[in-house]
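Model the full assembly from the supplied sequences, consistent with the hints where possible.
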Amino acid sequence: MDYRRFGDKILARIDPGEEIHEQLEKIALREGVKLAEVSALGAVDDFTVGVYKVAEKKYYANSFQGPFEIVSLTGTISTKDGAYYAHLHMSAGNEKGEVFGGHLNRAVVSATCEMVISVIDGIVERRFDPEIGLNRFEMS
Amino acid sequence: MDYRRFGDKILARIDPGEEIHEQLEKIALREGVKLAEVSALGAVDDFTVGVYKVAEKKYYANSFQGPFEIVSLTGTISTKDGAYYAHLHMSAGNEKGEVFGGHLNRAVVSATCEMVISVIDGIVERRFDPEIGLNRFEMS
Amino acid sequence: MDYRRFGDKILARIDPGEEIHEQLEKIALREGVKLAEVSALGAVDDFTVGVYKVAEKKYYANSFQGPFEIVSLTGTISTKDGAYYAHLHMSAGNEKGEVFGGHLNRAVVSATCEMVISVIDGIVERRFDPEIGLNRFEMS
Chain A
9 MDYRRFGDKI LARIDPGEEI HEQLEKIALR EGVKLAEVSA LGAVDDFTVG VYKVAEKKYY
69 ANSFQGPFEI VSLTGTISTK DGAYYAHLHM SAGNEKGEVF GGHLNRAVVS ATCEMVISVI
129 DGIVERRFDP EIGLNRFEMS
Chain B
9 MDYRRFGDKI LARIDPGEEI HEQLEKIALR EGVKLAEVSA LGAVDDFTVG VYKVAEKKYY
69 ANSFQGPFEI VSLTGTISTK DGAYYAHLHM SAGNEKGEVF GGHLNRAVVS ATCEMVISVI
129 DGIVERRFDP EIGLNRFEMS
Chain C
9 MDYRRFGDKI LARIDPGEEI HEQLEKIALR EGVKLAEVSA LGAVDDFTVG VYKVAEKKYY
69 ANSFQGPFEI VSLTGTISTK DGAYYAHLHM SAGNEKGEVF GGHLNRAVVS ATCEMVISVI
129 DGIVERRFDP EIGLNRFEMS
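Residue numbers (the numbering used here), protein chains in the order written: chain A, 9 to 148; chain B, 9 to 148; chain C, 9 to 148.
Hints listed in this document are in silico derivations from the structure and should not be mistaken for laboratory results. Because the structure is a prediction, the values reported are computed rather than measured. Where a beta carbon is used, it is the ideal one built from N, C-alpha and C, also for glycine. Where hints are given, some of them may not hold.
Cross-link-like lysine-lysine pairs, in silico, DSS-like; alpha carbons within 25 Å at most [as the list claims (entries may be wrong)]:
{"hint": "1", "chain 1": "C", "residue 1": "104", "chain 2": "B", "residue 2": "104"}
{"hint": "2", "chain 1": "A", "residue 1": "104", "chain 2": "C", "residue 2": "88"}
{"hint": "3", "chain 1": "A", "residue 1": "42", "chain 2": "A", "residue 2": "88"}
{"hint": "4", "chain 1": "B", "residue 1": "65", "chain 2": "A", "residue 2": "65"}
{"hint": "5", "chain 1": "B", "residue 1": "66", "chain 2": "C", "residue 2": "88"}
{"hint": "6", "chain 1": "A", "residue 1": "66", "chain 2": "B", "residue 2": "104"}
{"hint": "7", "chain 1": "A", "residue 1": "104", "chain 2": "C", "residue 2": "34"}
{"hint": "8", "chain 1": "C", "residue 1": "88", "chain 2": "C", "residue 2": "34"}
{"hint": "9", "chain 1": "C", "residue 1": "104", "chain 2": "B", "residue 2": "65"}
{"hint": "10", "chain 1": "A", "residue 1": "104", "chain 2": "C", "residue 2": "104"}
{"hint": "11", "chain 1": "C", "residue 1": "88", "chain 2": "C", "residue 2": "42"}
{"hint": "12", "chain 1": "C", "residue 1": "104", "chain 2": "B", "residue 2": "61"}
{"hint": "13", "chain 1": "A", "residue 1": "104", "chain 2": "B", "residue 2": "104"}
{"hint": "14", "chain 1": "A", "residue 1": "88", "chain 2": "A", "residue 2": "34"}
{"hint": "15", "chain 1": "A", "residue 1": "61", "chain 2": "A", "residue 2": "88"}
{"hint": "16", "chain 1": "A", "residue 1": "104", "chain 2": "C", "residue 2": "66"}
{"hint": "17", "chain 1": "B", "residue 1": "104", "chain 2": "A", "residue 2": "61"}
Heads up, incomplete: computed chain B residues facing chain C, CB under 7 Å, no partners named [said to hold, decoys possible]:
{"hint": "18", "residue": "83"}
{"hint": "19", "residue": "104"}
{"hint": "20", "residue": "116"}
From chain C, some residues computed to sit far from chain A (all C-beta separations above 12 Å) [unchecked claim]:
{"hint": "21", "residue": "27"}
{"hint": "22", "residue": "30"}
{"hint": "23", "residue": "37"}
{"hint": "24", "residue": "40"}
{"hint": "25", "residue": "58"}
{"hint": "26", "residue": "103"}
{"hint": "27", "residue": "137"}
{"hint": "28", "residue": "146"}
Printed below as a string of structure tokens:
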């Protein structure tokens, strides 16, 4: 992984064999990012995405292996009890171009991943909401 | 729904049972947003997306129900005759991770939806183009 | 194609029959854009997206025709040997809402395409990496 910062924009390259969530956290901690919007593209060969069932308050995961191109990776960095918290969703296309995705648990880069982190000057905390079973944005 | 504004960035949370287009319009009107880029993720359990057939000048709609994760939601806020006008496209993954999407007519949030609105200081009006049958950006 | 620039944001409209990569390059060259983040939506009726096989260092392409709605189009403008270089990935939904995508080689607009180019004040060069067979971001 390597990155450069230009004002409120961080451009990052994540390398083969590296996991996207792990690398994003490293960058955010080094740069002191508390709030940001994240976008990326690239290629992965091993990823797990979940779908949340509100009634059961539980994520169900789907794992995929093989050559995939990331077609969307969007999300935010915010904080929970002041600490780093990332929430990313991703979709990726396979050899036939068919697209699969969901809540991103884990994705390992195959060729390269190119990420833009747009740092926002502010704080948004997350708080656990027992009704939905998730850590949601607390605005007030 | 709740939101906070940090300069030209608005972070919003849309809550279970709320419809995304309705809530985005409320935020834009309260904040006086005339031009913006919109991005979001989250979970929905009822949404309708369309595909436009230029030859017929008509949208065909597909509706989906069940647990879905938004994997892409992108679009713009601009104006038509000076009034609020949003144009959003969305895709979402089902329990198997299969992704469906198109022009967003309507989406009801199940767990939560997290949106970033990047306000742009300018005006872009839309005008109806009779040849394509759509309200397109008028730049000049 | 037509566009307007508001500070570091360029809003563009790409018109029926125009190819997205060609039009983006025209805008970037006219505006002297060296580094940017790109996002778009719209409708296309002819596009080719690839998937990269790292082991073979080769892209495999899938082509699609018919009414499709772009649900994600993300990427970057950077430079290679100082010259314009765009890297875009795209996914699009068909008449049933099924989504297909990958590395964007070529996409022809059917109704309209609306693009936001977020210009970044900086330079990131690409260099060919013989191990992965791609032009990747060189940060240092």
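Evaluation of the provided hints:
For the hint linking residue 104 of chain C to residue 104 of chain B, the alpha-carbon distance of about 17 Å falls within 25 Å, and the restraint holds. Simply put, residue 104 of chain A and residue 88 of chain C have alpha-carbon atoms about 30 Å apart, too far for the 25 Å limit, and the pair is violated. In summary, the hint linking residue 42 of chain A to residue 88 of chain A is supported, as the alpha carbons are separated by about 10 Å, within the 25 Å threshold. For the given pair, residue 65 of chain B sits about 42 Å from residue 65 of chain A by alpha-carbon distance, which is inconsistent with the 25 Å threshold.
Taking the CA atoms of residue 66 of chain B and residue 88 of chain C, the gap is about 42 Å. The hint is violated against a cut of 25 Å. Taken as a hint, the residue 66 of chain A and residue 104 of chain B pair is honoured in the structure, with Cα atoms around 15 Å apart against an allowance of 25 Å. A C-alpha spacing of about 31 Å is found between residue 104 of chain A and residue 34 of chain C, which places the hinted pair above 25 Å, so the restraint is violated. Of the supplied pair hints, the one linking residue 88 of chain C and residue 34 of chain C holds, its CA atoms being roughly 17 Å apart against a limit of 25 Å.
In summary, the hint linking residue 104 of chain C to residue 65 of chain B is supported, as the alpha carbons are separated by about 17 Å, within the 25 Å threshold. As the CA atoms of residue 104 of chain A and residue 104 of chain C are separated by approximately 17 Å, the hinted pair is consistent with the 25 Å bound. Taking the CA atoms of residue 88 of chain C and residue 42 of chain C, the gap is near 10 Å; set against the 25 Å cutoff, the hint holds. With a C-alpha separation of about 13 Å, the suggested pairing of residue 104 of chain C with residue 61 of chain B holds against the 25 Å cut-off.
Under the criterion of a C-alpha separation no larger than 25 Å, the hint pairing residue 104 of chain A with residue 104 of chain B is consistent with the structure, at around 17 Å. Simply put, residue 88 of chain A and residue 34 of chain A have alpha-carbon atoms about 17 Å apart, close enough for the 25 Å limit, and the pair holds. Proposed proximity of residue 61 of chain A and residue 88 of chain A is supported: the alpha carbons are some 22 Å apart, at most 25 Å. Of the supplied pair hints, the one linking residue 104 of chain A and residue 66 of chain C holds, its CA atoms being roughly 15 Å apart against a limit of 25 Å.
Our distance criterion of 25 Å between C-alpha atoms is met by residue 104 of chain B and residue 61 of chain A, whose separation comes to about 13 Å. The restraint placing residue 83 of chain B at the interface with chain C holds, with a minimum CB-CB distance near 6 Å, inside the 7 Å limit. Interface hint status for residue 104 of chain B: violated, as the beta-carbon distance to the closest one in chain C is roughly 13 Å, over 7 Å. Because the closest C-beta pair between residue 116 of chain B and chain C is about 16 Å apart, greater than 7 Å, the hint is violated.
With a minimum CB-CB distance of about 18 Å to chain A, residue 27 of chain C clears the 12 Å threshold, and the non-interface call stands. Every beta carbon of chain A lies more than 12 Å from that of residue 30 of chain C, the smallest distance being close to 20 Å; the non-interface claim holds. The Cβ of residue 37 of chain C sits about 21 Å from the closest Cβ of chain A, beyond the 12 Å cut-off, so the non-interface label holds. With a closest Cβ-Cβ approach of about 16 Å to chain A, residue 40 of chain C is found to remain outside the 12 Å limit, as its non-interface label requires.
For residue 58 of chain C, the shortest C-beta to C-beta distance to chain A comes to about 7 Å, within the 12 Å cut-off, and the non-interface label is violated. For residue 103 of chain C, the requirement that its beta carbon stay farther than 12 Å from each beta carbon of chain A is met, with the minimum near 16 Å. Here residue 137 of chain C does not stay apart from chain A, with its beta-carbon only about 8 Å from theirs, under the 12 Å limit. A cut-off of 12 Å between C-beta atoms contradicts the statement that residue 146 of chain C is not in contact with chain A; the least separation is 8 Å.
Checked against the numbered hints given earlier, this structure breaks hints 2, 4, 5, 7, 19, 20, 25, 27, 28; the rest are met.
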